[in-house]
Structures are given as structure tokens and as C-alpha cells.
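Undergrad: Heads up: the protein sequence lines correspond to chains A and B, in order. Letter 136 of the first sequence, counting from 1, is numbered 136 in this note's numbering, and no numbers are missing. Letter 157 of the second sequence, counting from 1, is numbered 157 in this note's numbering, and no numbers are missing.
Treat the hints as calculated values from the structure; they're not laboratory data. On a predicted model such as this, the values are computed, not experimentally measured, just so you know. Built from N, CA and C at the ideal position, the CB exists for glycine as well. Please note: incorrect hints may appear among the correct ones.
Quick list of in silico lysine to aspartate or glutamate cross-link-like pairs, DMTMM-like style, CA-CA up to 25 Å [as the list claims (entries may be wrong)]:
| # | chain 1 | residue 1 | chain 2 | residue 2 |
| --- | --- | --- | --- | --- |
| 1 | A | Lys13 | B | Asp148 |
| 2 | B | Lys288 | B | Asp178 |
| 3 | A | Lys281 | B | Asp148 |
| 4 | B | Lys13 | A | Asp148 |
| 5 | B | Lys281 | A | Asp148 |
| 6 | B | Lys281 | A | Glu119 |
| 7 | A | Lys281 | B | Glu43 |
Examples of chain B residues toward chain A, derived with CB under 8 Å [said to hold, decoys possible]:
| # | residue |
| --- | --- |
| 8 | Asp19 |
| 9 | Ser21 |
| 10 | Ala37 |
| 11 | Gly70 |
| 12 | Pro134 |
| 13 | Ile164 |
| 14 | Thr255 |
| 15 | Ala271 |
| 16 | Val285 |
| 17 | Thr286 |
| 18 | Pro287 |
| 19 | Asp291 |
Label pairs and their calculated CB-CB ranges [claimed, not checked]:
| # | chain 1 | residue 1 | chain 2 | residue 2 | range |
| --- | --- | --- | --- | --- | --- |
| 20 | A | Thr215 | B | Asp19 | 52 to 62 Å |
| 21 | A | Asp40 | B | Glu265 | 47 to 57 Å |
| 22 | B | Gly133 | A | Asp262 | 23 to 33 Å |
Protein chains: 2
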Amino acid sequence: MRSVAILGIGQTKIDEHWDRSLRDLAGEAILAALRDAGRDSAEALFVGNMMSGIVNDQNNLAALIADWSGLGFDNAPWPGRQGRQPGHGVEAVKIEAACGSGGAAFRAGLMAVASGEMESALVVGAEKMTDRGPHEVTAALATAADADYETEAGVSFVGLNALIMRRYMHEYGWKHADFAPFSINAHANAMHNPYARLHQKITVEDFEKSHMVATPINLLDASPIGDGAAAALLVPAETLSRASRIVISGSASATDTLAVHDRPEVLFLTAAYKSAQAAYKMAGVTPKEIDVFELHDAFSIMSALSLEACGFAERGQGPRLGLDNEINPNGRVPICTRGGLKARGHPVGATGVYQIVEVVQQLRGECGETQVDGARIGMTQNIGGSGATIVTHVLTSDVKR
Amino acid sequence: MRSVAILGIGQTKIDEHWDRSLRDLAGEAILAALRDAGRDSAEALFVGNMMSGIVNDQNNLAALIADWSGLGFDNAPWPGRQGRQPGHGVEAVKIEAACGSGGAAFRAGLMAVASGEMESALVVGAEKMTDRGPHEVTAALATAADADYETEAGVSFVGLNALIMRRYMHEYGWKHADFAPFSINAHANAMHNPYARLHQKITVEDFEKSHMVATPINLLDASPIGDGAAAALLVPAETLSRASRIVISGSASATDTLAVHDRPEVLFLTAAYKSAQAAYKMAGVTPKEIDVFELHDAFSIMSALSLEACGFAERGQGPRLGLDNEINPNGRVPICTRGGLKARGHPVGATGVYQIVEVVQQLRGECGETQVDGARIGMTQNIGGSGATIVTHVLTSDVKR
């Protein structure tokens with residue numbers, strides 16, 4: 001595979017965008033990424049999205065977004081028509097892997113450029129969830145679980161994560177407040193991210209007093225849904241000068257059983273371990289060299305499990321990193337530096353691309369108050385389902401700062 | 001890109017499989033393709049599916065199918081566990097491009113192997129549509145159209161195609177019976193395909209007397225939905241001996257506006273033209289050299305438009321090929337040799353992979369009564385929406401027969 005770099009990034013604020021359509025949000029992020037890259041278009045569009053078919057009555061989403069965003073020009077006049085036809089025509093496809101859709105779409109774009117099949121690819125993660133009521137969105141999120149063997153039994157997606165968290169607390173002796181630092185760090189960092197959904201500092205007391213959702217997960221353990229889109233433009237690294245590029249040095253994806261009860265170990269994210277190991281190997285790095293890690297904190301328990309599976313903490317010791325102040329931007333393992341899923345927000349199929357955009361911002365040194373000093377190697381990990389599909393990327397900066 | 005070959009194929013009968021689940025159908029096709037290839041597993045799974053989120057309450061489908069099919073082995077024991085863990089773990093992702101999902105998934109698998117990222121990839125197209133009532137499936141199919149500007153106005157997917165067909169008949173002076181040969185050929189060929197949904201010969205009289213669906217499209221202009229799955233195993237061509245391989249010599253995808261009313265020309269499939277031209281160029285062939293063409297006859301009008309856009313007929317003259325007996329297995333442009341969407345059936349997201357499987361059968365000389373004599377170069381074209389996403393592949397056989 002030839003090496004691939006990220007030339008441009010774009011994102012929308014995550015919010016309840018009741019006056020915007022899904023295509024419109026995606027278009028805003030795409031045009032921002034193109035503007036950032038100084039480009040007009042790209043040869044293909046890869047869309048990460050989970051639930052447009054369910055909550056927006058829209059499939060065939062990638063063609064729709066490509067057209068709306070004016071991607072591509074028809075340079076081959078067809079019989080009966082002459083000249084350059086602007087505004088449509090690029091290859092476009094949607095990738096779905098539940099909440100891991102964004103990361104999976106990014107990996108698909110990477111392979112398309114790495115293969116030599118194309119010289120540029122846009123990846124956009126886009127989701128619009130707030131036009132429907134809470135029960136409809138809860139039902140849509142539950143499609144990430146096993147419909148026949150989990151959802152059919154009445155368990156919601158947060159319910160599944162609650163079972164995992166309860167078992168984890170029982171097994172390793174943690175109390176609920178021990179998870180507070182994950183949410184506190186995320187909320188604190190989001191204060192400095194204008195694209196974040198929540199701008200609200202929280203304390204341990206807030207965390208403990210918050211409304212219960214599914215014991216032991218309360219509102220401040222859980223990430224908010226939202227509407228938003230994030231985009232990145234990929235080009236061959238060889239076309240850029242070494243002094244100004246951010247390269248995708250590691251990329252891997254792995255799966256686990258969809259149903260949590262089918263796993264021999266419910267407290268270890270096997271697919272996170274596998275994909276992280278493969279990405280480390282490809283990038284030639286170890287966890288110690290990762291300067292910033294945008295992980296998938298859909299629920300606080302997932303932060304702990306992701307840190308453990310990726311080699312940043314011993315098994316059962318994830319919460320220790322938070323309690324020891326190691327996860328903030330000045331710590332040993334900075335996570336959720338732009339707010340994470342918890343406070344930046346979690347527009348499910350878009351999240352994986354937001355993570356990429358945020359790591360690029362860190363490697364460019366654009367993060368102000370939450371900048372990780374001298375960040376040069378960053379990592380993202382995007383999870384679909386309760387650990388069923390996990391996509392890990394390592395980005396390396398050649399930028400001299 | 002390195003050259004990629006198809007080593008194994010598998011498929012289920014298309015039917016109303018009320019006693020089978022979606023994962024079960026996909027697993028049957030995958031295991032058949034692995035058996036055909038003499039392999040145990042593959043490094044990744046690419047799933048083509050349109051509507052599992054809507055009609056099966058199931059997203060994250062690729063991880064589910066990978067697990068159910070027992071794909072992958074965990075050769076990297078994780079902390080606390082030892083040895084080879086069978087049965088799950090391969091990278092898996094779902095590709096959605098409405099009824100073009102299967103072809104798009106096949107192209108994603110191609111790029112993954114061509115890039116050098118992996119040495120094998122399974123592609124499966126799978127759809128299970130008959131557990132829901134007709135109005136629910138009609139609504140699900142309508143998500144292939146523009147939700148805000150077409151579906152919102154009350155037009156169904158067949159309604160959109162009816163508008164196109166009516167305009168075509170008006171513009172070029174064809175009468176409805178002139179489209180009969182497309183359906184008659186498809187039904188005649190399906191008689192010899194045990195995997196086809198419909199085994200029922202039809203006549204011009206049947207065609208003309210059939211129940212109206214949306215004027216001028218009647219029941220025998222339209223393909224039936226169904227439950228089914230088809231799979232193919234892709235490996236680098238260099239790993240196989242020249243004398244026994246079928247190579248993907250051309251591959252391309254293009255898009256058009258989702259909304260039909262946004263197109264400057266509604267009677268020309270621009271994306272079909274673009275993707276066919278690109279695939280021809282990549283394969284180094286012209287339409288004259290194509291021995292067999294599995295096209296996307298979701299409605300008879302689409303057969304005509306596809307033949308014209310791909311260079312087999314002049315504009316407005318597609319039906320002539322049928323009337324002149326050129327489209328049957330002994331004709332100049334054999335199409336739908338295993339029954340096409342019309343009679344083999346159209347399990348929407350699976351169809352594109354069925355087309356690939358059927359062309360491989362032709363190039364292997366396995367088609368008995370409907371075998372195209374000496375077929376060496378075959379083509380598939382898979383369409384998502386009313387021409388919005390179009391994926392074209394050219395397969396070339398090195399097999400000596």
C-alpha cells in the first residue's frame with residue numbers, strides 16, 4: 001500500500017439542528033474540508049452513517065450527499081451533450097458499522113487511495129438524529145445490538161452497557177464515583193471546543209447526583225446524541241512535502257460477536273485489542289509513543305475498557321488513569337481532548353470522523369487550551385455496538401512546529 | 001493496483017425464506033463460496049445490504065454475519081487467554097448504495113485486496129425482505145429515492161420508474177409490448193437456474209395481460225423482491241495459475257442526482273455511461289468484446305436504458321435488441337442469462353453479487369442450457385436508485401475450456 005495523508009478537515013457544530021437537513025450538514029463539513037485543503041472536489045466520497053434509513057427515511061445516502069455537495073465534474077460529455085457538466089458524478093458509497101461507521105468509512109477511503117485506484121478521497125461522517133422522538137432514537141440505536149438475541153429480549157443499547165459496567169464494578173471493586181474523572185475531563189475539554197454540543201463544566205458531585213438511566217449508568221456516564229458531520233480529504237502522501245503532512249501510519253479493524261452474551265470475556269474488548277495491535281504494528285509504535293488518544297467514550301465504562309485493551313492500563317485498572325489525573329491534556333494518556341463523545345457529542349455514524357478531525361487538530365497544534373504539548377503521534381478508536389466492530393487509526397505528523 | 005481474481009462463489013435460492021434469518025442466508029452463501037474456493041476463512045468481509053436497519057431492525061450487520069459464519073481465528077491470544085480462539089474476529093463492514101449495494105461491496109472488497117492491505121476478502125450480498133408486509137417493503141424501497149424532494153411528494157420507487165418509462169415511450173414511439181422480450185428472455189433463462197425465484201415461462205400475451213402496478217409498468221415489467229444471499233471470495237490474481245483464474249479486469253462506480261427531476265436528461269443513465277466507460281478502459285475492451293452482460297433489469301425500462309448507456313444500442317433503440325432476438329444466450333448481447341432481476345429475483349442489496357456469481361458461472365462454462373458459447377469476457381452493472389449509483393465490473397477468464 002502506498003502511504004496516505006490527510007490534507008483537509010472540516011466539521012459542523014454538534015447540536016439539535018432542527019432547521020438543517022442531513023445532506024446540508026454533510027455538505028457543510030465536506031466544503032470546509034475542501035476549503036481547508038485548497039481543493040475543488042475529490043475522486044470519491046465515502047460516507048459514514050448508521051441510521052439514515054431508519055430515522056431519515058433515506059438510503060442511497062452517499063450519492064445524495066455527493067450531488068448536494070457538488071462533488072465531481074463530468075469531463076466525459078455523453079452522446080447528445082457537450083462540455084463539462086458540473087456538480088455531480090463522483091463515485092460515492094455509504095459504510096455502516098453502527099457507531100463505528102465513521103472510522104470504517106475513513107478506513108475505506110484510505111484503502112481506495114492506498115490501492116492507487118484514486119488520487120483523492122473525501123470521507124464524511126454524518127448523522128441527524130434529533131428529528132425523531134427519544135423512543136424512536138432508542139429503538140434505532142438498539143439496531144447496533146443483536147436483533148434476534150438481545151433486542152428481542154427487551155434490552156436497550158444503554159442497558160447492555162449497564163450490564164457490562166455493573167459486572168466490571170463487581171469484578172474489580174470500583175465504585176461509581178471512580179468513573180467521574182472520565183466525564184469531568186471530557187466536559188472540561190469541551191469548554192474550549194466551539195464545535196462541541198455541551199459547554200458545561202461538571203464536578204464529582206454533579207456526576208454522582210445525575211439522573212439514573214440504566215443502573216449503574218447515569219446521565220453523566222452517557223454521551224449525548226446529536227446532529228453533526230465531520231469530513232477529511234485523503235491524498236497520497238507522496239504528493240505532499242514531508243514538512244507539511246499528517247500521515248495515516250496505522251489502520252486496522254476487527255470484529256467481535258454482536259451479542260455480548262456470546263463472548264468468553266465480556267470485560268475485555270477483544271476487537272479493540274486486535275485492531276490496536278495491528279495498527280501499532282503497521283505504524284511501528286507502542287502505546288507509550290501515543291501523544292493523544294481520541295477514544296470511544298459512549299459510556300464511561302467504555303473509556304476504561306478501551307484504555308485497557310489498547311495497552312494503556314492493566315486489566316481492571318482503567319479508572320485509575322482518571323483518578324491519577326493521567327487523562328487530561330497534560331497527563332500521560334490525554335483522551336477526549338476536544339470533549340470526546342461525552343461532551344463534544346455522539347452523532348453516531350459521524351463520531352469516528354470527528355475523532356480523526358480532532359487528532360489532526362492536535363497534530364497541527366490548533367487546540368489552544370487543550371493542546372497536548374508537542375503532540376506528534378495520535379490515535380483514534382471508534383466502536384460499533386458494544387465492542388462488536390472496532391476501528392483503530394494511528395496518525396503521525398511530519399509537521400515541524 | 002495489483003490484479004484481483006475471484007476464487008470462489010456461492011449463492012442461496014431466492015425465495016420467501018420465512019424460516020430463515022438474514023444471517024443464516026448470508027452464512028449459507030459465504031460457506032458455499034469458501035467451499036468452492038477450498039478455503040477456511042478470509043481476512044475481511046464486505047457485506048452488501050440495503051435495508052436491514054429498516055426491515056430487520058439490524059444494523060452492525062457485517063460483524064453479525066462474520067461471527068455467525070465463523071470467519072476468522074484469533075491467533076493473537078490476549079492477556080488472560082491462551083491459544084487460538086475460533087469463530088470470530090475478522091474485519092467486517094457493510095456497504096450501502098440502495099439496490100447497488102452488492103456491486104459497491106464487491107468493489108470495496110476489490111480495493112481492499114488490490115491495495116495489498118489483505119490477501120483475501122469475502123464479499124456477500126444479503127437481503128431478507130419478506131418478513132414485512134408489502135406496504136412496509138414499498139416504504140423501505142422508497143428510501144432509495146430522495147426523501148425530501150421525491151418520496152415526500154408521495155411517489156413510490158416503481159412510480160418513479162413508471163414516469164421514466166412513460167416518457168421514454170412517448171419520446172421514442174415504443175409501445176408497451178415492445179418491452180416484452182426483456183421479460184420473456186429473463187423468465188425463459190430462469191427456468192434453468194435452480195437458484196432463481198421464478199420458474200415460469202411467459203409469453204407476449206402474459207406480458208400484456210399482466211396486472212398494472214404503476215402505468216405503464218405492470219407486474220411482468222417489474223422484478224420480484226425476495227430473500228437471498230450471494231458471495232464471492234477475492235484473492236490476488238498473482239497467487240493463482242493463469243490457466244484457472246477469473247480476473248476482475250474492469251471496475252468503476254459513478255453517481256448521478258438521486259432525484260430524477262434534477263437531471264438534465266432523464267432518459268440517459270449518465271452514471272451507467274461513466275462507470276461503463278471507465279471499466280472498459282481499465283479492462284482494455286469495447287462493448288463488442290463483452291460476451292455476456294448481467295444488467296440491472298429491476299424494471300424493463302432499465303434494461304433498455306442500461307444497454308444504451310453502455311454502448312450496446314443507440315439512444316432510444318434498446319428495445320430493438322430484444323425484438324431482434326439479440327439478448328438471448330445465443331444472441332449478440334446475451335443479458336439476464338440466469339434470469340436477471342426479473343426472474344432470478346431481486347433481493348435488493350444482494351443482487352449485485354448475484355450478478356457477479358452468474359458471470360463467473362458463465363465464464364466457467366457451468367450454465368448448461370443458457371450457457372453463452374465460449375464466454376470469456378463478462379460484464380455486470382448494478383444500479384442503486386433510479387440510476388443514482390451505478391457500479392460496473394468486467395470479468396475476464398483465463399480458463400482454458
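Undergrad: Report the numbers of all earlier hints that the structure fails to satisfy, in ascending order.
TA: 3, 5, 8, 10, 11, 12, 13, 16, 17, 18, 19, 20 and 21
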